[in-house]
Amino acid sequence: MSDISLLVLLPLLAAVGAATTPRTSGIWGLTATALTATLAVWLTLDVFQDGARYIAISGWVAPLGIVLVADGLAALMLLMTSGVGVIVAIQAASWGVFPSSCASKDAESLRAGFWPMWLATLGAMNALFLSGDLFNIYVAFEILGLTAVGLTALSGTRSALRAAFDYLSAGLAGSLLLLLGVALAYGAIGRVDLAAVPMLADTIAGRIALAFIVAGLAVKAALFPLHFWMPEAHSSATPVASALLSALVVKGALYVILRISIEGGAGMEALRFALAVMGAAAMLWGAWGALRATRLKLLVAQSTVAQIGLITLAIGVAGDNLQQNGLWQAAALLMLSHALAKAAMFIAVGRIAEELGHDRISGLNRKELRPGAAEFAFAIASVSLIGLPPTAGFIGKWILIDGLIARDAWIWVALILIGTALSAAYLSRVVSRCLRGGPHVAANAHHPAWRIGDITALGLATSALVLGLASALPLGLLEITAK
Amino acid sequence: MSEFLPIAILMTSLGVAPLILMMPEHASRLRTTVNLAAAILKLALVFWLTAVVVQGGSPDLRFTVVPGLDLHLQANALSVLFLALSAVLWLITTVYAIGYLENGVDRSRFFGFFTLCVASTVGIAMAGNLFTFLIFFELLTLATWPLVVHRGTAEAHRAGRIYLAYTLGGGLALTVGTIWLYALAGEVTFTPRGVLGDLAQTDSIALIAIFVLLIAGVGVKAALVPLHGWLPLSMVAPAPVSALLHAVAVVKAGAFGIMRIVYDVFGIESVQDLGLATPLALLAAITIIWGSVCALRQDDLKKRLAYSTVSQVSYITLGVALISPLAAIGGLTHLIHQGIMKITLFLAAGNFAEGHKVKTVSGMNGMGRLMPISMFAFTIGALGMIGVPPLAGFLSKWYLGAGGLEAGQPAVIALLAGSSMLNAAYFLPILYRAWFLDPPKDAPVGRNLGWMLVLPPALTAALIVAAGLFANAPFSPLGWTRFVVSLEYL
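Sequences listed follow chains H and S, in order. Everything in the first sequence is counted per my numbering, starting at 1 for the first residue and increasing by one. Everything in the second sequence is counted per my numbering, starting at 1 for the first residue and increasing by one.
Keep in mind that the hints were calculated from the coordinates and are not lab data. Please note that the accuracy of each hint is not assured.
[To be verified] Pair ranges (Cβ atoms, derived): (1) H/A205 / S/D273: 54 to 60 angstroms; (2) S/L487 / H/A34: 53 to 59 angstroms; (3) S/G197 / H/I208: 49 to 55 angstroms; (4) H/A470 / S/W451: 44 to 50 angstroms; (5) H/A409 / S/P389: 54 to 60 angstroms; (6) H/W410 / S/E3: 40 to 46 angstroms; (7) H/A34 / S/T32: 54 to 60 angstroms; (8) S/P474 / H/A409: 30 to 36 angstroms; (9) H/A442 / S/G479: 29 to 35 angstroms; (10) H/F228 / S/G186: 41 to 47 angstroms; (11) H/I208 / S/E269: 57 to 63 angstroms; (12) S/F475 / H/A409: 49 to 55 angstroms; (13) H/A409 / S/G479: 38 to 44 angstroms; (14) S/G68 / H/F165: 22 to 28 angstroms.
Beta carbons are placed, not taken as given, at the ideal position from N, Cα and C, and that holds for glycine.
Go ahead and model the full structure; you've got the sequences and the hints to work with.
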């Protein structure tokens, strides 16, 4: 038993523990999340020092056995997941264990259902990041699909249940496509490990298989035009679940797309181009949706559609890493930045809705309530999402645009700029209402009291802001590859 | 020890802003203490830094964000020019703002973002490369938005939206131009005479495009026509914001950016070789005239002053674009002179609005009798703007004119004469009404102004006179500017 596989086993076993003893599930959840995060930090330091780790379970190596690979990219994703996970778990504990006024309805279901579901999600995502072959990835997605649907349905409202059902159907369709693709790949070249992807991309049958795989992943990543299930699911879930789904779960599929794309060599160029086009379309479509959204959570969910588009565009234009242009690193950095900012945003929205009693954007100007810390956190997270300096989103866009200019790809530059301007437009719809004052505030209005949610949201948003200045660390980590 | 001055000066605002933002609303004594202490400390540190720079030092701090991208703070003669301006005026405006918002709401938010704005200008002044400049330039955009919408009215929010659209749009252009230049030339450290080297010959088309993007980016803040639309609208903000930010910090950040781009990124030779100097000078000339013409048509006092800013800030651009040492001295000096003159006008205008609810030119009758000190300060500022000797504004125009002749552009003299006439046309009627007409019988009375509102404009008016009278002293704005220009042109 190696320490890497603990990253998968520990949360999965703890999930079983939490499910069987619901009364102590919060303890299981917090402890296991914290331990997993510690393991992820440990592994990252290890990778930093000694390079990528490569572990064949029970001694069987690829293409036959199960292989776990931890290179810089995988370590970064593990760190992102458990880091954001710890903060969101603290948030969930505060809402589930010490229920405040508005969340009390959710508290019961949160306590019973949240922890096992989250821990299984964590285990499945870690498995995804460490998997060295497509079949394992498929299995991890099966777990992830079910737990994510469970997280969506947690709040128990009618709309959440309907959204969860749509999510389940879409997830199953995605899994089918994925499984079909993996089977075709096995039929084509008899291998399903990621190292074999370039060989796949060299044959017609292999390319068809890859197209199926990427299509399945695109459903799971909610990539336009296969995102139809997502805005409802992310916006009707309970806030902590939305934070996990939007910040982390979609990253699982994006990670695999990125992995396949950078491993895939020159044979995948057409598929990459298709990804970039879909990404650009998603960026515009999501922004349009966010501009028209009337509910705050829906706006944030639509912005996820747009941000996934930006990340996919980056993956699509990056090419394979042999081209040494570092563009795929921009995609990874954007994923990290989006994870932090989006988690901050959903928690902040949860806090705002808790104070207001609703999340209608037009109703944010409430006379009796002055803006609070959560609204400030939302604003800082917006700065990250738009990609203004000095955030990690900015550095990511910088690297991306720098690389695109260097090869005169001005159309992509223009599309990214349009996406950026649109994101500023839809986010300022909310932030400008956070800046209410004067006649919009009654004389006896008060600031909302501080809650855990304000601190977690501010913490996540600030780290997304500061991460930009520390970008050398994640980028240095990404330099460490398995070969 | 002096190596850490840049970061210390930055932290006197950047570190203080979050503290102020988090202060409870009613803790006004604590807030005032922190505000004033920070402003005084910063002023002292800036004096220290000036001494270091005079002795030939140039404190330099670097932090690598990503390989090839450094956060770089560097204090040199040009940064000290802008730093001193913002530090002195910040202190004065803070006093004024404390008095102005005495019974206001959301003061923690106001002063927090106000301090953040000053932090941005400090960062802009000391940015050692284009990347660092860009970071603080965008921070300035974000930090000023809450101040523009501070009053919270629908009008304020509309102005805020337009402000944001203009400045973020400009920020995008600046970002793309910066990235493009980095892709072409590597790290763009500000260096006197530019960093382009041979690129001006090999990549001239790309460089012209980059120049246009960069100038458009900073030109929004410098309110170059046709990118000036946000400035008159944002006059909806409270008086201290209009005074410090829109007369000084934001537009000066833009003008300072133009200086950096022309002098320290492209270098005057490359700008000339690429044929970019004349179009820039023309744009400045158009802005000077157009701003003045628009100012003539405003009855709202603050809007008239705002259009006057549009016009006057372009003197700086003109001085830079004329490519002559004398014109450069005129332009750079005007960075300071316009700052102290315009802040005087705005602070006095704020006093008219607070003391007698007068917000229009037509309501200015008899103001000299109602508020003699503020009106006297206003008069000094207005005469300075027109360019009456020996006030500060005269010097700027003198050097600009001489520079025009030196550059072989006698048309500049005509431009300056025309502009001065327009200045007179929109300022003198105000002075006439205020000093020679009787106040209306039923003149409305606002609140009683304390010394915190009356003293600041009087102080800055004294600075206008001093900057003109003692222009030959070594540490006058003019003296310092000569020192700066000698670095670029020697």
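Going through the hints against the structure:
H/A205 and S/D273 have their C-beta atoms about 58 angstroms apart, which keeps the hinted 54 to 60 angstroms range intact. Restraint check, S/L487 to H/A34: a C-beta distance of roughly 57 angstroms satisfies the suggested window 53 to 59 angstroms. The supplied range of 49 to 55 angstroms is met by S/G197 and H/I208, whose beta-carbon atoms lie about 52 angstroms from each other. Distance hint check for H/A470 and S/W451: the Cβ-Cβ separation is about 47 angstroms, which falls inside the suggested range of 44 to 50 angstroms.
Between H/A409 and S/P389 the beta carbon distance is about 57 angstroms. The supplied range of 54 to 60 angstroms therefore holds. A hinted range of 40 to 46 angstroms for the beta carbons of H/W410 and S/E3 is consistent with their spacing of about 42 angstroms. Between H/A34 and S/T32 the beta carbon distance is about 44 angstroms. The supplied range of 54 to 60 angstroms is therefore violated. Between S/P474 and H/A409 the beta carbon distance is about 53 angstroms. The supplied range of 30 to 36 angstroms is therefore violated.
In this structure the supplied range 29 to 35 angstroms is violated for H/A442 paired with S/G479, their Cβ-Cβ distance being about 54 angstroms. At about 45 angstroms, the beta-carbon gap between H/F228 and S/G186 stays in the expected band of 41 to 47 angstroms. Our hint of 57 to 63 angstroms for H/I208 and S/E269 holds, since their Cβ atoms are close to 59 angstroms apart. Look at S/F475 against H/A409: about 51 angstroms separates their beta carbons, and that is inside 49 to 55 angstroms.
The given range of 38 to 44 angstroms is broken by H/A409 and S/G479, whose C-beta atoms sit roughly 50 angstroms from each other. About 49 angstroms separates the C-beta atoms of S/G68 and H/F165, a value inconsistent with the hinted range of 22 to 28 angstroms.
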